[in-house]
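Modelling step: build the complete structure from the supplied sequences, incorporating the hints.
Chain residues, written in single-letter form:
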Amino acid sequence: SAVISQKPSRDICQRGTSLTIQCQVDSQVTMMFWYRQQPGQSLTLIATANQGSEATYESGFVIDKFPISRPNLTFSTLTVSNMSPEDSSIYLCSVGQGPSSGANVLTFGAGSRLTVL
Amino acid sequence: AQSVTQPDIHITVSEGASLELRCNYSYGATPYLFWYVQSPGQGLQLLLKYFSGDTLVQGIKGFEAEFKRSQSSFNLRKPSVHWSDAAEYFCAVGSNQAGTALIFGKGTTLSVSS
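Taken in sequence, the protein lines are chains L and A. First residue of the first sequence? That's 1 in this note's numbering, and the numbers climb one at a time after it. First residue of the second sequence? That's 1 in this note's numbering, and the numbers climb one at a time after it.
Hints were generated in silico from the structure; no laboratory data involved. Quick reminder that beta carbons are idealized off the backbone N, C-alpha and C, glycines included. Any given hint might turn out to be false.
[Said to hold, decoys possible] Just a few of them, taken from the derived set where beta-carbon distance is under 10 Å, the chain A residues facing chain L:
(1) ILE9
(2) GLN38
(3) LEU44
(4) ASN96
(5) THR100
(6) LYS106
[Said to hold, decoys possible] Within a straight-line C-alpha distance of at most 30 Å, the following computed DSS-like cross-link-like pairs (lysine-lysine) qualify:
(7) L/LYS7 with A/LYS61
(8) A/LYS106 with A/LYS68
(9) A/LYS49 with A/LYS106
(10) A/LYS106 with A/LYS61
(11) L/LYS7 with A/LYS49
(12) L/LYS7 with L/LYS65
(13) A/LYS61 with A/LYS49
(14) A/LYS49 with A/LYS68
(15) A/LYS106 with L/LYS7
(16) A/LYS61 with L/LYS65
Put into structure tokens, the structure is as follows:
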């Protein structure tokens with residue numbers, strides 16, 4: 001399965017600032033997913049990022065708050081804009097194995113733990 | 001609505017004892033089911049998955065899960081728990097279409113006592 005590197009692994013940010021999280025995959029993948037895991041909560045899908053097209057956002061998430069870039073088949077970034085303490089979460093990048101595996105199995109990066117003060 | 005329910009927020013098991021973590025799902029199409037484990041400070045690791053066929057699936061680290069369509073369940077089991085199994089466990093459901101994301105349950109925290 002793919003190996004995913006995320007950075008930063010953790011950061012402490014000030015209210016009102018923005019932070020960009022990078023996700024690098026060791027193989028070319030069509031789709032990448034960004035999830036958020038709030039403290040003590042499950043994973044919530046933020047958006048799906050396809051190379052060469054606009055990301056598709058889930059209900060409750062908007063592009064102005066979470067802009068995503070997908071410049072090529074191995075890289076994506078997620079920016080958390082104008083942060084507030086409610087944005088304190090772990091943000092995870094994931095990729096799916098393609099149809100050759102028979103179903104969409106997700107592999108995850110180690111996550112980026114953001115704390116907003 | 002599509003959802004995954006993990007009824008137990010926190011479970012404590014003695015080392016060497018058996019373990020069962022519950023998972024119930026609601027999904028409109030044929031469900032593809034997964035169990036992931038998240039150790040402190042780590043990303044999610046796939047333990048096992050069910051697509052079709054034998055309803056009892058084997059995974060890594062000695063885990064197994066049984067799919068019961070009539071009960072909409074996919075419970076995770078291990079006959080003898082090790083201290084290193086202490087972690088957060090997530091059940092997830094998805095489809096067989098490439099490019100579709102998974103829906104996760106809220107997770108169950110497993111503590112192992114000596």
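To see whether the hints hold, each was checked on the structure:
1. This hint holds: A/ILE9 has a C-beta 9 Å from the nearest C-beta of chain L, less than the 10 Å allowed.
2. With its C-beta approaching chain L no nearer than about 9 Å, A/GLN38 sits inside the 10 Å limit, and its interface hint holds.
3. Residue-level restraint check for A/LEU44 holds (minimum Cβ-Cβ distance to chain L is 4 Å; threshold 10 Å).
4. Taking 10 Å as the C-beta contact cut-off toward chain L, the hint placing A/ASN96 at the interface holds, the least distance being around 4 Å.
5. Checking A/THR100 against chain L: minimum C-beta separation of about 5 Å stays under 10 Å; hint holds.
6. Below 10 Å, beta-carbon pairs count as interface contacts, and A/LYS106 has one with chain L at about 4 Å; its hint therefore holds.
7. Proposed proximity of L/LYS7 and A/LYS61 is supported: the alpha carbons are some 28 Å apart, at most 30 Å.
8. A threshold of 30 Å between alpha carbons decides the hint, and for A/LYS106 with A/LYS68 the separation of about 20 Å falls inside it, so the pair holds.
9. The straight-line distance between the Cα atoms of A/LYS49 and A/LYS106 is roughly 18 Å, inside the 30 Å bound, and the hint therefore holds.
10. A threshold of 30 Å between alpha carbons decides the hint, and for A/LYS106 with A/LYS61 the separation of about 22 Å falls inside it, so the pair holds.
11. Between L/LYS7 and A/LYS49 the alpha-carbon distance is near 28 Å, which keeps this suggested pair within the 30 Å criterion.
12. The suggested pairing of L/LYS7 with L/LYS65 holds, with an alpha-carbon distance near 19 Å, which does not exceed 30 Å.
13. The suggested pairing of A/LYS61 with A/LYS49 holds, with an alpha-carbon distance near 14 Å, which does not exceed 30 Å.
14. With a C-alpha separation of about 14 Å, the suggested pairing of A/LYS49 with A/LYS68 holds against the 30 Å cut-off.
15. For the hint linking A/LYS106 to L/LYS7, the alpha-carbon distance of about 25 Å falls within 30 Å, and the restraint holds.
16. Between A/LYS61 and L/LYS65 the alpha-carbon distance is near 39 Å, which puts this suggested pair outside the 30 Å criterion.
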